[in-house]
Structures are given as C-alpha cells and as structure tokens.
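Letter by letter, the chains look like this.
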Amino acid sequence: MSFIVRQVAKRADGGDIIRTRTLVQAELTVGRGTDCDIQLADLAVMLRHARLVQITAGKVSVETTGGVPVEVGGKFVTRADLAVAENPTIDIGPFRLSLSPGEDGAVAITAERVVPPIEAADAAHETSIFSLSGAMPTKRRMAWVGGLAVLVLLLLVPLFHFIGEGEPALPQTMVAEAARPVTPGQGFGDGKLSVPTARPAAAGGFAPDESWSSGTLSDAHASLSNNCSACHQKAFVSVTDGACQACHTASALPDHAAPARMAKGRLPDGGVWAPRTAPSICRRAAAPAATRNMKAQPPS
Amino acid sequence: MASKTQASRAMTGKAVTRAPRDTAHEGFLNHKRGRWAKVAITLSVVALGAYLLTDPVPRHNGGTWLGYLLGSIGAGMIVWLSLLGVRKRVIGPKPFSLKGWTSAHVYLGLSLIVVGTLHTGFQLGWNVHTLAWALMMIVILSGLWGISLYATLPERLSANRGEVTQLQMLEAIRTLDRQLDIAAQPLDAEDAALVRMSLEECRIAGSLGQRLSGNYANDGNARALATIIEKVMTGRRTGRVDDRLAQIEFLLERKEAALAQARRHIRMKTQLELWLYVHVPVTIALLAALLAHIISVFLYW
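Those protein sequences? They're chains A and B, same order as listed. Counting from 133, one number per residue, gives the positions in the first sequence under my numbering. Counting from 18, one number per residue, gives the positions in the second sequence under my numbering.
Same shape as in the complex, but just chain B (with noise of 0.2 Å):
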C-alpha cells in the first residue's frame, strides 16, 4: 500500500500528495448515508417486535428477561450517549471520527425512547424508576429540539450578522455612546439626563427573559429614545426644532438600531444555547437517577 502511494507520488511529481478528502460538506445526520438511523431503527424495530411478540405473566414490566434485557441495553447506551461530553474534548487521531460519533449519538439516542419505554412496560408512577425514564426523555426531547434549531438558525444568524462580529456589534453602540455622549455636552440638564438615561441604563443583553422574547421596551435607550421623539415631535409643531436635540435623536435611533441587530443575534445565540442547559445538567441527573433506579431494584428485589 505505502509503496503503492509512493509509485503515485513519483507518478504525479508532486512533493506533497493531498490526502483524498470529499469536497461536499456530509453533516452528521447523514453521516455514512445515515449509517446509524439504520442501525437505530433496526434496535427499535427489534425492541418492539421483541415486546409484541412475547406475552410474560403477569404483563410486561423491567423485571422479565426481556425487561431486564431492554434495561441492559438501555444503561448502557445512557451511559455512551453521555460519553460525547468526553469524546468531544478528546482531540487526536481516533477509530471514530467526532462527526460519526455525534450521529450515532443522536440516532442511538431517539431509539432511546423506544428502548427505555418498552423496558418500563409503561408502568409509570411517582417513584425514582420513572423519575429516570422521565429524566431521559427530556434529554432526549431536549436533543431533539437543540437539533431543530440547529438545522435553522446558523442561517437566520448570520443573515443578521452581515458581515459584522460579535465585538464590531459591540463597538457600534460604544461608539454610538460616545458620539452621544458628545453631542449631549450642550444640553440642558433636563435633556441630558435622558441621554444619561440612554448611556447608563442601556442592557444590551439583560436577562433570560429578556433575551429570549426580545423585549426591551423598559430599557433604557428605548425611554430616552420615546421621550426625546416626544419632544422633537413637539418643537417641529410650533416650528422650532432644537437641531442638537434632534442630533441626539438621531444618534439614538442608531443606537437602537444597533441595539435591535445584537440582540437579534441575542436571542438566535440564546436559543442555540438554551437547549444545552437543560440537556447536559439533566443528563447528569438523569446519571444520578440511573445509579438510584438500578441500586434500588436490586436492593429490593
């Protein structure tokens, strides 16, 4: 084989042979030809056929060798689906690639519901069995909805972005700051005090609730913003509009301009993150829950 990439080279009389690389980008749900979708939906149809099929005294439950099968296989594979955590930090040469371990990760993981519901035989109550299937399946939802989101906001994200970073968005508004700051050293008191407004009072990001329903009417900036077009809006009636006042409307609108663009990008950010706040904390319950459901069957059993 070496000798081979040898004749090749000396073929080509190229020092340096690239190696063999598909040009078009194979994301990870279609990794191999979506490889691991089929391996997970043979487990899943296996499981249920498996499940149909059989008819154990007195009914299905995690106690029955296929229950106790299902079971086996299903902490098993919470426990490598929570291994990506680790493998993604892991980084070197390995058997499997990162991308192919996220695709099996999120095909085994949807076949999760299928196997971890079928090892409870849908006997569902309020005990620490069924806290763990419940905690698995919001990490699965949770996965399945980190990955919807995925799959339509990057575009959405960088159609708001332009060509600007992060940091430029930041500096747009400092500047806009200081400009204002600027243009309001001749101002009254009165006046100046709402640009203060503007300047000091302004979140850009704020918080969870902020972020995510991108309502920002009580901040600052968009007070100073409301009343200052108030007053403009009264000097062009009696016909005599203060320019400085409207230099500083002006500016403000800018800002909020500014302001609306970073916090657009906010809001795509959060919900691509938000997902992972619940999926990586619940996970490590779910772990947790795991380890009590299994001590405590066996404890009592």
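Bound-form chain A, shown alone (with noise of 0.2 Å):
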C-alpha cells in the first residue's frame, strides 16, 4: 500500500521541476494546505480538498473533504472510485492529478497544473480596473482638446476676423448724432446733448473678436460694441485720438465737456505753481456758462 508521488513544477524558464516521493501508507489528502500530502497551491483548492483512499490493489476510491467537487473524467463528483490501470484522471481547480500503475503495485500520482495562473491577465486588466483610466479619457487627451478650443475659438477666430476685416464702416446714425452741430460753448450739461439712455443693439450681429472686449461700452457708443477696430485701428497700438475724432469732429464737439468743467481742468496761465489769485480768475472768465448751467439743470 504506497504512493509514488511526482509533482510538477514549471520553470520560469520554460522547463519542468519533478519531485518524486513516496509515501508507504493508504490514505493521501489533497489541497491547500501545507500539511497534505498532496500540496496543491492555489486559492481555487480547499485546504483540505480530497482524500484518496487506496481500497485495494489496482483501486483508488477519491472523496472530497472540502465540500467543494473535483473533476473525474469530465463530471464533477464528491465521491469515486476509480481503476488504476484505466489511467483516470481527477481535477482539483486548475491541477490534473493522473493516476497510473507503479513499480511494486503502488499508485503514481502525477501532479501538475494544466491551466496556468491567470495572474498575468489581471496585470493587464489591473491598471483600468484601479486607476481612472478605465473610466475616463486620458488627461493628455482632454488638454489637448481643451486647449486647442480655447486658442481656436478665443484666439485664432477673433484674430482671423480681425485680420481679414477691411476699413471699419462707421454707423450712420452714431455720426450723425455725433456730427450734430452744437452752438460753440455748448457742451455736456446745458441740456442739448445728452447722453442716450436707450441701448442700441450693434448692428450685424456678434463678432467674434467681441469675446476679447473687457467690458461693455457706454450707451453712446454701444453700436460700436461688435466693431472693435472702429477705435482699435492699428494692430499693438494704443487708441489714438484720431479714432475718437473721426466722429466727433472739432466743429461738432468743440469741447470734451461743459465750459465750466473745461476752465476748472486746465493750467492756470501762470503754471501749477503760480499763486491761488490765477484759479480764481479762470473761474471768473467761466462763470457765466456756469450760471447758465445752473439755471438749465437746477440741482435735485
């Protein structure tokens, strides 16, 4: 009543390890477990998976002890009782054990996996299963997109709008309304200029280098809002007065604001140094228009 039991090994270089042994006794337990006799190690055995019993010579009954089956001959059995000589097989998880007739009627069990660790799969697998990658667009993939719709939307379109745009066209009723022609002395604050009140809406529509404006633009010139280069004439340089004048010509708008505000502005003739009389006669050369603006607007 033996064993002759050969486990094989695989090599990482491809070839096998075979351990021989024999076990002089009629029972063998296999599983898990380090204390069987048969150690199969994987997490797929029971740590006590089976016991085979040697019942006579030539006869090797298999019983599993791990409630979970084993695999004989392609049926999943608790119980079986097999002939050596038949060269049975029994499966355990991913182990064949094949049986075979041995020197001086003992049984020769051959254990060996037949279906390899799956480890390597789950590597590939564990990646997209643990980091955001299985769920998301790559970072690289989502800047790329984000930043090249800024530059083209923000930045490349406003640009080739602003490249490809001719003379900038003036709409006619905001010169008009600022060529009107004002009496000379007149200005802000007398009660004949004022300041619209009403938005206009700029006419044909949003441009869209509307999306580089910081601001909206005052009520006066809220036509203008999707013509930046009615003002902003030359590419990288400042607004010039001319652009300002090319409406409000110097016979329309003589002045910026009302005398008053005008005289108060400017230097004393004698400079910003010269004694506190000098104000005082500019004020006095204003005074009437000031009056006159008191009399047009008295204060609420």
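Don't read these hints as lab results, they were simulated from the structure. This list has only true hints and no planted wrong ones.
Dumping the calculated EDC-like pairs for lysine to aspartate or glutamate here, alpha-carbon to alpha-carbon at most 20 Å:
hint, chain 1, residue 1, chain 2, residue 2
1, A, 207, B, 260
2, A, 207, B, 198
3, B, 286, A, 258
4, B, 55, B, 43
5, A, 207, A, 223
6, A, 207, B, 208
Hints are included, so try docking the two chains, each in its own frame, into the full complex.
Below, the structure written as structure tokens:
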C-alpha cells in the first residue's frame, strides 16, 4: 500500500521541475494546506480538498473533504472509485492528478498545473480597474481638446476676423449724432447734448473679437460693440485721438465737456505753482457759462 | 571640506559614510519650515497692500502700473507653476529638490489667488480675460481639493487594503469566480444562470459614477446574490435546504465582500486621481487662455 507522488512545477524559463516522493500509506490528503500529502498551491483548491484511499490493489477511491467537488472524467463528483489501470485523471481547480500503476503495486500520481495562473491577464486589467484610465479619457487628450478649443475659438477665430476685416464702417446714425451741430461753447450739461439712455443694438450681429472686449461700452458707443477696429485701428498700437475725432469732429463738439469743467481742468496761466489767485481768474471767466448751466438744470 | 570629510572617515574607520540625513519625514507642506508659505504670504500681503494704498483713475484694472506688474508676476507664476509637470519627469541631481519645488508650487499657487484676482481689479465679465481668471481659479481650487485628499485618504486607503495588493484583490475575486464556476456545475439551468450572472455581468470598477458613489446594486453579483439568498431562505422555511445552493450563497457573499473591499479601494483611488483630471487639462486650457488674453489685450490696446 504505497503511493509514488510526482509533482511537476514549471520553471520560469519553461522547463519542468519534477519532485518524486514515495509515501508508504494507504491514504493521501490533497489540498492547499501545507499539511496535505499532495499540496496544490492555488486558492481555487480548498485547504483540505480531497482524500485518496487505496481500497484494494489497483483501485483507488477519491472523496472530497472540502465541500467543493472534483472533476473525474469530465464529471463533477464528491466521491468516485477509480481503477488505476485505466489511467484516470482527477481535476482539482487548475491542477490535474494523473493516476497510473507504479512499481511493486504502488499507485503513481503525477500532479501538474494544467490551467496557467491568470495573473498575467489580471496585471493587464489592473490599471484600467484601479486607475481612472478605465473610466475617463486620458488627461493628455482632455488637455489637447481643452487647450485647442480655447486657442481656436478665442484666439484664432477673433484674430482671423480682425485680419480679414477691411476699413471699419462707422454706423451712420452714430456719426450723424456725433456730428450734430452744437453751438460753440455749449457742451454736456446744457440739456441739449444728452447721453442716450437706450442701448442701441449693434448692427451686423456678433463678431468673434467681441470675446476680447473687457466690458460693455457706454450707451453712446454701444453701436460699436461688434466693431472693435472702429477705435482699435492698428494692431498693438494704443487707441489714438484720431479714432475719436473720426466722429467727434471739432466743429461738432468743440469741447469735450461743459465750459465750466473745461476751465477748471485747464492749467492756470501761471503754471501749477502760480499763486492761488490764478484759478479764480479762470473761474470768473467761466462764470457766465456756469450760471447758465445751473439755470438749465436746477440741482435736485 | 573634502580633506575634512576624509579625516572624519579616517577617524571613524568606516570605508563608506552615509550622507547626513534627517530621520523624521518632512512633507512638502512643511518643507524647510514652510519657507515657501512665508514667501507666498509676503507676496500676497505686499500685493494687497499696494492695491489698497494706490488709487488709480478711473479705477483698479489690469492696465494700471500695478495691474501690469501683477499681471506680469501672475503670468510668470502660471508658466512656472505649470512646469512642475516637466520638473517631476526629469530625474537626476538638481539644485532644487522636487519636494522643495512642490512646496513652492503649492504655496505660490495659492498666492496666485490674490495676485491674479487683484490684477483683474474685480472687473469680471463674459470674455477671454475672465475666462483665464476663472480657469486659474479652477486650477488652484482643484489643487487645494487634491491636497486635502492627499492629507486624509492614503491612511484610509492603506487601512482598507490591509496587507493585500491590488493584484491579490483581483486574484481573490478571480479565485471565487473559479470556485463559483466549479460549485455551480451540479446546479440546474435556472440556478446556474444566476451564477453565470455573477461571473459574466460583474464589473469590478464600472463607470466613473459607480466608482465615486460606490453604488453597485445593479451589478451582476449583487443581483445574483439577492436572488440566491431568497431561494435559500425559502428552502429554510420549507425545511429543504439545498446544500449546493447554500454553498453558492456562501461563495457569492464572499465575492461580494471581496468586491466591496476592492471597490472601496477603487473609490478612494478615484478620488485621489480625479482632481488631477481637472487640474492638469484645465492648466493647459489656462495656458491657452492666458496666451489669448495677453495677445488680445495688446492687439486691441
């Protein structure tokens, strides 16, 4: 009553390591546990998976002890009697035990892993399962999409609009409004030249370079909001007085503000360091205009 | 200096002396006792002081001398901060350690909230300039979010996984799959279909929403387990418990537990990673918006 156990292990380079032991006993335990006679190191095998008993010479019975069946001849069974002469096989998890008659009536058992460990396959999935790369587009792709969208929509499209734009056409009504003859000496505050309160919509719809506008224009200039180059005439050159004077001609609007304010803002004749009497002269000179303004618009 | 080192070597009689090294771990947040935090606070206070103590006409904006100064500093900082992605890929001796660089990245990045916002003069609108500011704020706040996660999550992550590696978590689930496969062989078609549901319709990680919420109630294994539990309970009431079904129930429960551990792991790793999926792409978009902002401002001066 003995077993010859040959355990085959695969070497990393593909060769086999075969360890042979002779066990003189009528019963063998098979399982993952280290105390088993045939140890099958795989988690699919129960700690004490099965028991092999040599009933008579040439006849072995297999019986599961771990609650998980074994596969014998393509069937899952918990108990089976096997004739050794028929070279039966027992599959336990990924292992196969092949039985054959050995010397001196012993039973030879070759234990071999037939299903390779799936570690390699899992390693390939590990990244996609445990990192976000399995559920999201890559950061690099998102960066390309976002960066290019900003560059194209907010830099290139407005830039091509600017380059493709010819001479700016000023809105006729605005030019007419600005060029309306005003009596010399009159300006804001006399009740005749008023700042419009309604915001006229700019004709011609949305222009791409409006996305470069840092804020809304004043109501008087709202018609120019899609017409940046009306004022920004040359690239990389600050807006010049010439752009304003295209509409605000000297004859139409001699002064930028009411005469009183204009006078107040002017340098005194004697310069900044002149005695305090100098500004009073200016104020006296501007007095008639100031009183007229006060009559026209009584303080509320 | 070299001779001194050699002399000390001769004194100790050791062929190889170790480089002096602090034993206590000093993270990037308190690198060099918060040197970069002090720099960042100084920068912010000076910027705020200059903003409050000057009164430009008509008002604060990006075009005053202070506005240009803050804008130049801010743009330079944005470009430098984004270079962390380059620096961390360059391995080798450098005058600045990666830890020091990261520390500066974090604190100077936070001070950019002050510098960038004061540069706007609080004039915000629907335009490319405010887009650049908004993208900058998104980048900074996502970085803040990431640091707060880095401070809390790794401990929980390691507590959840115990001594188990990611591969072993997968292996445990695969093993239970194999055991389920074996244990299901004697079952009739209806019960075997439930096991197949667990084997074939079970996704460990799933979509982004599932990863974040941890809600896998509709997953194959959970559905199979619910049905099997009901069947086993019915069997217990009638006194005829199918042992094979009870074994399947046991295996499905173990698989559900293994899945739960792996999914807790995935959930925390998702949180640890997700902020970077905002931080990095938005940084690139910010660099593009910054370019558009600077070019457009000077093109339409």
